[in-house]
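Put together the whole structure using the sequences plus the hints.
There are 2 protein chains.
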Amino acid sequence: MIQNAAGRFIPEFINGEPVVPFQGVGKYRPDGRKHAPVIATYADYPLDGNKQVATLKEALVKAGLKNGMTISTHHHFRNGDLIANMIFDIAKGLGIKNLRWFPSASFPCHAHLLQYLEDGTISHIEGSMNGPLGRFCSEGKMKKTAVLRSHGGRYQAVQDGEVKIDIAVIGAACADPFGNANGLNGPSASGLLGFALADSQYADKVIVVTDNMVTFPCIPWQIQGNYVDYTVEVDKVGVPEKIVSGTTQITKSPDRLLIAEMTAQFCEATGIIKDGFSFQAGAGGTSLSIGIFFGEIMRKKGIKARFARGGSNKYLVKMLEEGLVEYVLDGQTFDLEGVRSMRDNPNHVWTSPFTSYNYHGKGNFAGMVDVVILGATEVDLNFNANVVTHSDGYLLHGIGGWQNCLFSKTVILPLPLFRDRIPVIVDEVTTVCGPGELIDVIVTERGIAINPLRKDLIEKAKGSGLPIRTIQELKEEAESICGKPEKPQFTDKVIAAIKWVDGTVIDVVRQVKQ
Amino acid sequence: MIQNAAGRFIPEFINGEPVVPFQGVGKYRPDGRKHAPVIATYADYPLDGNKQVATLKEALVKAGLKNGMTISTHHHFRNGDLIANMIFDIAKGLGIKNLRWFPSASFPCHAHLLQYLEDGTISHIEGSMNGPLGRFCSEGKMKKTAVLRSHGGRYQAVQDGEVKIDIAVIGAACADPFGNANGLNGPSASGLLGFALADSQYADKVIVVTDNMVTFPCIPWQIQGNYVDYTVEVDKVGVPEKIVSGTTQITKSPDRLLIAEMTAQFCEATGIIKDGFSFQAGAGGTSLSIGIFFGEIMRKKGIKARFARGGSNKYLVKMLEEGLVEYVLDGQTFDLEGVRSMRDNPNHVWTSPFTSYNYHGKGNFAGMVDVVILGATEVDLNFNANVVTHSDGYLLHGIGGWQNCLFSKTVILPLPLFRDRIPVIVDEVTTVCGPGELIDVIVTERGIAINPLRKDLIEKAKGSGLPIRTIQELKEEAESICGKPEKPQFTDKVIAAIKWVDGTVIDVVRQVKQ
Chain A
-1 MIQNAAGRFI
9 PEFINGEPVV
19 PFQGVGKYRP
29 DGRKHAPVIA
39 TYADYPLDGN
49 KQVATLKEAL
59 VKAGLKNGMT
69 ISTHHHFRNG
79 DLIANMIFDI
89 AKGLGIKNLR
99 WFPSASFPCH
109 AHLLQYLEDG
119 TISHIEGSMN
129 GPLGRFCSEG
139 KMKKTAVLRS
149 HGGRYQAVQD
159 GEVKIDIAVI
169 GAACADPFGN
179 ANGLNGPSAS
189 GLLGFALADS
199 QYADKVIVVT
209 DNMVTFPCIP
219 WQIQGNYVDY
229 TVEVDKVGVP
239 EKIVSGTTQI
249 TKSPDRLLIA
259 EMTAQFCEAT
269 GIIKDGFSFQ
279 AGAGGTSLSI
289 GIFFGEIMRK
299 KGIKARFARG
309 GSNKYLVKML
319 EEGLVEYVLD
329 GQTFDLEGVR
339 SMRDNPNHVW
349 TSPFTSYNYH
359 GKGNFAGMVD
369 VVILGATEVD
379 LNFNANVVTH
389 SDGYLLHGIG
399 GWQNCLFSKT
409 VILPLPLFRD
419 RIPVIVDEVT
429 TVCGPGELID
439 VIVTERGIAI
449 NPLRKDLIEK
459 AKGSGLPIRT
469 IQELKEEAES
479 ICGKPEKPQF
489 TDKVIAAIKW
499 VDGTVIDVVR
509 QVKQ
Chain B
-1 MIQNAAGRFI
9 PEFINGEPVV
19 PFQGVGKYRP
29 DGRKHAPVIA
39 TYADYPLDGN
49 KQVATLKEAL
59 VKAGLKNGMT
69 ISTHHHFRNG
79 DLIANMIFDI
89 AKGLGIKNLR
99 WFPSASFPCH
109 AHLLQYLEDG
119 TISHIEGSMN
129 GPLGRFCSEG
139 KMKKTAVLRS
149 HGGRYQAVQD
159 GEVKIDIAVI
169 GAACADPFGN
179 ANGLNGPSAS
189 GLLGFALADS
199 QYADKVIVVT
209 DNMVTFPCIP
219 WQIQGNYVDY
229 TVEVDKVGVP
239 EKIVSGTTQI
249 TKSPDRLLIA
259 EMTAQFCEAT
269 GIIKDGFSFQ
279 AGAGGTSLSI
289 GIFFGEIMRK
299 KGIKARFARG
309 GSNKYLVKML
319 EEGLVEYVLD
329 GQTFDLEGVR
339 SMRDNPNHVW
349 TSPFTSYNYH
359 GKGNFAGMVD
369 VVILGATEVD
379 LNFNANVVTH
389 SDGYLLHGIG
399 GWQNCLFSKT
409 VILPLPLFRD
419 RIPVIVDEVT
429 TVCGPGELID
439 VIVTERGIAI
449 NPLRKDLIEK
459 AKGSGLPIRT
469 IQELKEEAES
479 ICGKPEKPQF
489 TDKVIAAIKW
499 VDGTVIDVVR
509 QVKQ
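Note that the protein sequences, when read in sequence, are chains A and B. Its first residue numbered -1, the first sequence is counted upward by one per residue in the numbering used here. Its first residue numbered -1, the second sequence is counted upward by one per residue in the numbering used here.
It should be emphasised that the hints constitute simulated quantities derived from the structure, not laboratory data. All of these numbers come straight from a predicted model, not from anything done at the bench. Some hints could be false.
Pairs count within a copy or across copies, as identical chains cannot be separated in the list.
Claimed, not checked - Derived BS3-like pairs (lysine-lysine); straight-line CA-CA distance at most 27 Å: (1) 203 to 25; (2) 60 to 25; (3) 60 to 316; (4) 491 to 141; (5) 407 to 511; (6) 203 to 491.
Here it is as structure tokens:
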């Protein structure tokens, strides 16, 4: 084991590959070249552009599916995804073994794949472990070590050739037989297909699967058919009501509402909310409420935001349509209003992990955002935060765009001081996902802690009347109420690696001792 | 010298690089990998995304401009371009020598650069030679050999690493300091920036220059800032009235009108014009007229086209707005109406040489077009055609997308039987740009010749009442009127290579004997 710059002990090899330890923010320098795909020739593709084959099985066989390959899928259909399960059912039927599954995220609907992790069809997952798959992994049952990456880190890993995808299967709400595809039109509309961009550009073989095949051209093309080998039409790629919710809801919890209001007040008091500013909030209940408070402040001040980053939802769409926000730059879409707006409003623009988050590009959008509102399962006294493991030690969440967003100008984590009588502020987080130097403010219902590195914010918050406290004070208050919980117990077995945005390993997760 | 599959004698080396001779359509198989750019890191770029520097000179110096580099520019501003001249004025001022200029096309406005070809600032040009630069080249005055490629071939060459660009300078009508850019908004609006796509993706350093710098985000982004190193604002990137014409005009020549009408009649008689068909015509007077005749036929039949390919113009925009055409997929824009439509109409979509023409992709759009209308300077008895040299042997034109379009389902060349009393149909073309097997129909004012390979079209044209003749008959008729002109005389010196779409050399051009 070696100790990395986050102070964590990590193995020198994971799945037989040498590990580059986290070296500090901006410290690791890549020295290679991007992954170079094989040069294709039009002579190998149908001249009339029709790449459609009859079944997904035929496409996978034509793409050369065999033991040990890396198969990628994407989470545009979220918990309504049907594609990943189909692929591995086919692989099982063909007797294929030892596949690496490389999803952009996994959801409870993928519990179907536990049987294939058990029987060796799938050797391991590199991607988020939401719910049942995470539990399986935390119990040490996965044959190899999981690797978790942020959305930007996934793009980086593919671009840099760290993960070579043999076959990418891209599910799309709409496609043409050439392979142009979007997430906007059709029963399985999800908004956009940005998580599949890297795969389309760099995978050896690319298959587009849709339940809404249209005559060329599929407009707009979010995925370009010029990267696609085969196209397939199936009955159903997803379960619509599980892809996007009909409605997103603001929180009704008085504590959460208080946290949301304090977050907005903090941003007003410190001058973050100003004409032409930019913000990113999520689609959780608290985040939605913060957006609404932001809107109220902007109306009161008569100002507007230059842009907001999604995932979008009906509240953000309303702000766009009201003119409070000039542009919405979206990475994903959480409800039907968001899909409609992205389809119809040219100021509602789809982005990708390349534009927004790729750390190994010539910059990305994250650093241009004035303030980002994020969650966490735990924060420690050094402002390090955890988003993947729970207080019981189980790996139950993916990283998403969370690490990438830490590069925005101000990072605020609005958090309840405790959840189920477990304090959220701890001495040391179970898993370091983000280094404290990038996390600026913790807003809880009992006070706001500002990272001492942000002297500017500490200065600006003076005289605001807001309850500014130290993070130690907040931790002590929580412990005085809840007591200090026992730490979860782990074996020595590393079950997952947590990558930083630059491909280095910032921490590992160990098997939970049951 | 070696003889290639087009029967042409070509040197084994050009500019010191080994030549791959043309091997027949679809015969050459690339066996390498795409060019792999160096992996960048956000740590080297401003965190706030502001990459703006004060002057183009500063940007070029920061990008490491030095002797022998390859500098690319693009022809979005056509004959109104100011950028290329600025770059080489700066290079001259810095005493830099021996640059390879790699424009997507050059125009008469670039005659300013003749002095730098003379004094060694520029060693040679790889790109089209329109007008004065072509004449200079044809007279054997350029220090090295020119290399001409189609739009798709240029993308292919950059993608495949055949041409490594050190510094790409992308002029844009609109950009933000991060480098997102489009050709839609601002005084130098040109419609789109697709010709710079390969350069942005593969060049070592990328500079975006605009006269209309806007606050992030520049929407839409046709060029993605994540590929860009530096941005610059200058007073003027182009001369608007020379970028797009205020109006495009249909031909008034009775002969040209007759050719246009016969072309449309041929397409009707042979069933090419049918519901859901697709077509591509240019913006020359005859092509515009053909589009208008197509529209009349479609109205009469009550049918519409699924898509048309541009370069677009007010007539095509009218068809789109009338609903005769569902989508316009545009590679460039020839007038202000085209720019407006592309900006405002979501069914008017910008494309790039990657989507439309790259032969080393997984297919491209060209083969999906039912009928394409192209020009030529000469055609021979085997239907081989020439678009780069004139009857006097001078290299005066670029290839443009011409070679790429030959892959469409039916290729028609509407041509006058003679120009200035020089017959257009010859025994053997001066320069082979496109192999006869891909050219289907020649329409002249005195008859229509169908390539004997297209038995289906010959059959369908029977009984149409159209004057179907053999190409020999047309040639003999022209010669009976004009006589047989003397062939131009050349020295042995090769002054330019003509690449086929796959990077092989299909022909060379020799110095004109003066």
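Item to check | Hint numbers not upheld by this structure, sorted from lowest to highest | outcome: 3, 5 and 6
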